[in-house]
Every structure is written in C-alpha cells, then in structure tokens.
Amino acid sequence: MRWHKIYGLSLRHLYLIKNSFPRVLDLFYWPCIQIVLWGFISKFFSMDSAYYSDAVGIILTAAILYDFLFRSSISYNMMFLEEIWSRNFTNLFIAPIRISEIIAALTLTAIIRTSIGLVPAALLAIPLFGVSVFDLGPPLFLLLLSLYIFGVTLGLLVTSGLIRFGPSFENIAWASLFFLAPLGCIYYPIEILPEWLQIISKMLPLVHIFEEMRSILINNTVNYFIIYKAISISSLYFLLGVIVFYLSYNGARIRGTLINIGE
Amino acid sequence: MKIEVKNLKKDFNKIFAVNDISFTVEKNKTIGLLGPNGCGKTTSIGMMLGLVKPTSGNILIDDQDINKIDKYSLLAKMNFASPYIELPKKLSVKQNLEIYARLYGVNNFNERISEISSDLGLDSFLNKKTGELSSGQKNRVSLAKSLINKPEVLFLDEPTASLDPDIGDFVRNYIEDYKSKNNITILLASHNMKEVERLCDSVIMMKKGKIIDSGTCDELIKNHGRINLEDTFLKIARSTNEVA
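Line by line, the protein sequences give chains A and B. In terms of the numbering used here, the first sequence has 147 at position 147, counting the first letter as 1, and numbering is strictly consecutive. In terms of the numbering used here, the second sequence has 120 at position 120, counting the first letter as 1, and numbering is strictly consecutive.
Just chain B, same shape as in the assembly:
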C-alpha cells in the first residue's frame, strides 16, 4: 500500500505540532521518520492511524483518504508497534494474540499465532502472563501483535528502544527478513541511526513539526557533509536555521 501525506497540519491550542508536511511512501518501501523529541513524529503517526484528527491536509492510503472514507477497512490492513503501548499484563501472550487476531478478523488465527510465535521465538512463554515477561520478550510479543493481521502498512515507533544489543539485533533481523518475504510498507520512527541506515530505503528528517530534509541515507550524509547518519542527525537537530 502506498501512503501519501499532503500538506498535513496539526495544531494544539494554536501551536503547530505538525506544520504543513507532505511526503509519499511508495508501496513496499521502508521510510524512516527521524527528528528530535517533540518534532511531531508521534503526532504524524497518530494522524496516519486515525487516532488524531488533522487540522488540515490529507492522508491517502492507496489513494483513499483515511479521514473521508470508512477508516475501519483501511485499519484492518495496517498495524502499529511501540514500546510505549502495551498489551494487557494479566492475560497470557496467547490470549492477547488471540484477541487481536479476532479484532483484526484474522482467519485461522490459531495457525497464524503458531506461525508468528515460532518465527519470533515466543513458544517458550506463549502461556505465560504478559506482565511477567522481560522487556525483550514483551517487545517481541508487541511485534507479533503488530504482524498478526499480516499488515500491508506497518508503523513502528522505536521498535528496539530499551532492548539489549542482542535482542535489538534479533528484532532488526526479523523486520528485515519479514520485509523481504512479504509485501509491506513500513514507516519507522527511530532514534537509532544504525537501525535506520540498515532498514530504511529513505529517510524524512523532521524538526519543530516540519520536514527539513529527505532522501536516502547516503544522500543526506553527503548533502550535509557528514560521515554517517548520526552525525547528520546531530547537525540538523542542533542547527538554528532550517535546511531547505
């Protein structure tokens, strides 16, 4: 599915969290959404998921405006994972996955749960309560939930935040592998520049609610005369003037 964002704005009490951004994520591509804290990434993702109503502008998913059509048919093909949202702690991993499989209308959900549990290594704690899991295990369960419906559009908000390097690497490998085997468009918000360099086809840099640059990682590094994406990010984040 293709995502088109056109002149999107969102203000809270006349302060713009997102200020006239436009971009396109082509079908089956992975785009990184980067920027300092409070730059409008989460609000932008919230608007694309229908959680936040834009002040103006359009969000088209496969040419359908999410705010003008019955958004539920689109939401069935999308999903989201973030370490800042969790699944009910008193329910087992399997119960949580079953509930979301049902909510997303997944056929043969037992088969799908087995498949994704095996892929993400959840089998050993599938019947354990979600609240009893380590943060690495919770993260994998959250990822499993976000893939339960085999989404065509996946929003990932800092998917490896607070993970140790080993599990972080496992998650990155899994996302990379999953993408190579499935038709999926991914919008990834992350502060881990190495992760972005590895997973993303191109990158959008945001600051103070605006897009200040975009392109492939190599293009951005070259344009800003830096040696890597982290340096480029720092230059943009600390600059007082916006880059055109």
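For reference, chain A alone in the conformation it holds in the complex:
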C-alpha cells in the first residue's frame, strides 16, 4: 500500500466535491431530510397513536400516492437526463421541435413510465397487505391527476435547472421530492407541523391531496372543493414551471450551454 496513491485517488473525489456545489448540498441534504421527516412521523405517532384505526392501509395508500408523484417527476427528469447522458442533447435542440412540443412529449411519456412502475406495486399491495388504493373510489382519479400535474411541474423545474446548470444539477433531481415529503404531510396531519411551516405547507397541493385522502379513508366523506383546490394549485405551479423552463432555455442560449451540455 502506497500512501501517495491512496491520497491521489482520494484527492480526485475531494476535488469533485470541492468543484460542485450540488454535490456538497447532496452530502448534508439527505441526513437532514431523513431526520426532519422521521422526526415528524415519530412525533405524530407518539402524540396520537390511536388516530388511525387502519394505520397500515392509510400509510400504504399514502406511500402509493406519494410514489406516483415521485415516479412522475423522476420519469420526467430521467428522460431529459438520458438525452444528456447519451450526448443527444444538441441533436434534439437543433431539430425543428418547439419547446412546447418537448414539454408535451415529456409530459405524455412520463405518464406511461409512471404507470408501468406503479400499477404492479398498487396491485401487489392488495394480496400482500389487503390494502387497495382503489378504495379511494372515483376521487382517486382526481387525486392522481393533481399529483401528476405537480410531479410533472417538479420535473419541469428540475429540467430547467439541468439546462441552466448542466448535469451537476442531477443530484437536485433526485433530492427535490424528498425535500417536499416533510412539508407535504404525506404520513401525518398538518397539525403536527409548527405553525409557520403549516403556512408554507398549505401553499403546496400535497397537503390538500393527502389530507383529503385520509379524510376519505377515515371518515368516508369526499370534499371535492379541496380536491379541485389541489388541482388548481398544481396547475398554477405547472404554469410557473413552464415559464421557468422557457426562461432557462433562453438563458442557456445566451450562455451558449446548449452546445456543450454533458461535456
């Protein structure tokens, strides 16, 4: 064993971290998010363990819906990342395709990728745990629609970052959804959050979606106003995502990054 070789190879990885802020962010991001998320979950169960009469059913349904959001967003990002990884990016952007057509194609394909991933998992939960996401009834479609619009929006925002900052933004792509998990109140009611965080949470569609999911499963009541509110918030964010994407594209044209992205 030669110390200078060990040091040399270590240095290669340390330089990589030093030269890339997203990589530094990635290092402390995950432990922080895990602590916050599991902290709120533990707090909820220690305060009110009798809240759920069917904890497994509700938690699994929440997990399936959250995974739907996760898959739709990641599918979107993955399709874009694959163009960067395969060095096909420039070919794509010199072809006569409008930005709106790129967004539409990615949005449509994301639903196929998401469904391929999620439908078997949702079906598997039925014989294994006796939990069916379909117990949510017709509102399930609207909840999924809202999640999908928001998932695609997150995909759009991360993709905008990839255009703006290049492949080093890839880590943010994976991290973006976990950032929202504690704020989205996926596994616990909003009351668990401190008041100031509740204000921020209510600006996200996730709180409304998951609160309504719990209400349907626990109380057997559907409040369509809340579901439509969630869809409206998701749609507003989607519009914002489209604007950010256009701005990033124009910014990349000014900075000249479209010509050598991935290198």
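It is worth saying that the hints were derived from the structure and are not from the lab. A portion of the hints provided could be inaccurate.
Said to hold, decoys possible - What follows is a list of derived Cβ distance ranges for each label pair:
no., chain 1, residue 1, chain 2, residue 2, range
1, A, 222, B, 68, 49 to 57 Å
2, A, 15, B, 38, 21 to 29 Å
3, B, 166, A, 11, 23 to 31 Å
4, A, 178, B, 166, 51 to 59 Å
5, B, 166, A, 85, 41 to 49 Å
Said to hold, decoys possible - In silico lysine to aspartate or glutamate, EDC-like type, Cα no more than 20 Å apart, as pairs:
no., chain 1, residue 1, chain 2, residue 2
6, B, 94, A, 83
7, B, 94, B, 62
8, B, 89, B, 132
9, B, 77, A, 82
10, B, 129, A, 82
11, B, 138, A, 83
12, B, 68, B, 98
13, B, 181, B, 169
14, B, 77, B, 98
15, B, 129, A, 83
16, B, 138, B, 123
17, B, 6, B, 63
18, B, 2, B, 62
19, B, 90, A, 82
20, B, 150, B, 115
21, B, 6, B, 213
22, B, 94, B, 63
23, B, 94, A, 82
24, B, 71, A, 101
25, B, 2, B, 201
26, B, 128, B, 98
27, B, 90, A, 83
28, B, 89, A, 83
29, B, 138, A, 82
30, B, 89, A, 82
31, B, 27, B, 201
32, B, 222, B, 201
33, B, 194, B, 230
34, B, 53, B, 98
35, B, 210, B, 20
36, B, 53, B, 4
37, B, 179, B, 26
38, B, 77, B, 111
39, B, 90, B, 123
C-beta: ideal position from N, C-alpha, C; glycine also.
Based on the hints, put chain B in the right spot on chain A.
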C-alpha cells in the same frame, strides 16, 4: 439556401468568442470554416443553428433572420453532424433514424431510411444498437441522421475526425457525391486541410473570434506564399499579427 452572416458578435462574460464576423455562403456552395481550437468556429455554427443567441449581428438564411422569425421552419431545412454529439446508444440505428425522420417531418420515412442506409452502407447494422457500433459506423450513422431530411443547409463539424484513412475517404467521397446530386449548401468546420481543399469552394480563416482571411484555397495559399493549405493554416495560426 444562401447564408449571410452580418457583423456577428458573441461574448461570454465580456470575452468575445466571435467578434464582428461577416461572410456569405452562396446557395449550393461549400465553405470551409478553419481556425485553431477556440477560435469561435463552434460558437459561430451554434449561432447559425439557433442554439446560441448572438450578442449582436444578424444571421440570414435565404434572407430570413433566424433570430427574428419562427426559426423552426428554417431548422426543418437544415441539419448538423459532429463527432462530438451522438445518438442514443440504447436505440438501434433504425430506431434513431426513424425518430429523427419524424422530428424533421420526413414523408415516407421508411423509404428514406432504406435509401440513405443503402447509400451509406448501414444495412448490415441497421438493427444493431447504436452504442455497439465502431466509431466509423457511428460516424456514418451520424451523417445519415444529418441527411435524413434532405437538408438544404448542412453544417459539418469535423466530419472525419477520429476516422481511419479508409473510412475518412469513404465519408469525403460520399459528401462530394451527395453534393453533386443534390442542392445543398455546406458549411464545413475541419482541421483536415486536405479534406477542405478537396470539398470546399472557398475557405474562411478564423482566429480569436475574428475572420482574418478568406478566399479559395488557391488564393489563400498564393496570398500567404505557401505551398499548401496546411502550411497556410500554420502560418496564420502561429502569426502574432492579424492578416487584413
């Protein structure tokens, strides 16, 4: 299609990559864009393809400014090949060509894929994954993609870089033959001077973002008192003073 570049400038953080260049490529002519690495060739091509926004100046393709009109109608008539960009490796050659034929709105694309595959000798690996091809095969596939829409303007960035002499010669022959049979304007960036002498009607020499000379290969060689284009290139690249 005719290309007119007028007073084109592009700066990155106040450093000019392209500094006030103007030139015209007449319809159906081939122009060579030469210059040392970092002289602004790729940025210039990027601006002509609409990938890079100029700081100032105009790019007219058949009298239409690519930055002022709906560029997509022009992009449908243009294409680009470079060894530095690739096609998705997990897709077969045929799938890649089909996708780009669709993106460029090629009618009867199966017919077009068969035609171009036969011309470029892709038939034996048409169903093979692009990532499994040799660099010579990949290069031909890239060329096939760049011709899938029968472009009226073709940008070629070092089309024979990293190819062995045999395949390099095949590609040069093909470009020459294709040009003789089709109406096409070509802008070729290359470091292979023999290739430029063979394919180009005239040449633009760039250095540090500026055009420092232009003309036919013979004119440039004569003006600089050299024996061939490679020598002329070396003289220009190593000179400290710009040639007017």
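Hints versus structure:
1. 222/A <-> 68/B: 49 to 57 Å: holds, 53 Å
2. 15/A <-> 38/B: 21 to 29 Å: For residue 38/B against residue 15/A, whose Cβ atoms are near 24 Å apart, the range 21 to 29 Å holds.
3. 166/B <-> 11/A: 23 to 31 Å: violated, 43 Å
4. 178/A <-> 166/B: 51 to 59 Å: Since the Cβ atoms of residue 178/A and residue 166/B sit about 53 Å apart, the hinted range of 51 to 59 Å holds.
5. 166/B <-> 85/A: 41 to 49 Å: violated, 31 Å
6. 94/B <-> 83/A: Satisfied, since the Cα-Cα distance of roughly 18 Å is no more than 20 Å.
7. 94/B <-> 62/B: violated, 32 Å
8. 89/B <-> 132/B: Holds - the C-alpha atoms of residue 132/B and residue 89/B are around 8 Å apart, at most 20 Å.
9. 77/B <-> 82/A: Given that 20 Å is the threshold and the Cα spacing comes to 26 Å, the pair is violated.
10. 129/B <-> 82/A: holds, 15 Å
11. 138/B <-> 83/A: Holds. Residue 138/B to residue 83/A sits at ~17 Å (cutoff 20 Å).
12. 68/B <-> 98/B: violated, 30 Å
13. 181/B <-> 169/B: holds, 18 Å
14. 77/B <-> 98/B: holds, 17 Å
15. 129/B <-> 83/A: Since the Cα atoms of residue 129/B and residue 83/A sit roughly 16 Å apart, the hinted pair holds (cutoff 20 Å).
16. 138/B <-> 123/B: The given pair, whose Cα atoms are some 13 Å apart, holds under the 20 Å limit.
17. 6/B <-> 63/B: Holds - the C-alpha atoms of residue 63/B and residue 6/B are around 12 Å apart, at most 20 Å.
18. 2/B <-> 62/B: holds, 5 Å
19. 90/B <-> 82/A: With a Cα-Cα distance of about 10 Å, the restraint between residue 90/B and residue 82/A holds, given a limit of 20 Å.
20. 150/B <-> 115/B: Given pair residue 150/B, residue 115/B holds - Cα atoms ~11 Å apart, limit 20 Å.
21. 6/B <-> 213/B: holds, 16 Å
22. 94/B <-> 63/B: violated, 35 Å
23. 94/B <-> 82/A: holds, 19 Å
24. 71/B <-> 101/A: holds, 14 Å
25. 2/B <-> 201/B: holds, 14 Å
26. 128/B <-> 98/B: Measuring from Cα to Cα gives roughly 14 Å; hence the hint holds.
27. 90/B <-> 83/A: Roughly 11 Å separates the two Cα atoms, so the pair holds.
28. 89/B <-> 83/A: The given pair, whose Cα atoms are some 10 Å apart, holds under the 20 Å limit.
29. 138/B <-> 82/A: holds, 18 Å
30. 89/B <-> 82/A: holds, 10 Å
31. 27/B <-> 201/B: holds, 12 Å
32. 222/B <-> 201/B: holds, 16 Å
33. 194/B <-> 230/B: holds, 8 Å
34. 53/B <-> 98/B: At roughly 29 Å apart (the allowed maximum being 20 Å), residue 98/B and residue 53/B break the hint.
35. 210/B <-> 20/B: holds, 7 Å
36. 53/B <-> 4/B: Since the Cα atoms of residue 53/B and residue 4/B sit roughly 16 Å apart, the hinted pair holds (cutoff 20 Å).
37. 179/B <-> 26/B: With a Cα-Cα distance of about 14 Å, the restraint between residue 179/B and residue 26/B holds, given a limit of 20 Å.
38. 77/B <-> 111/B: Holds - the C-alpha atoms of residue 111/B and residue 77/B are around 19 Å apart, at most 20 Å.
39. 90/B <-> 123/B: holds, 18 Å
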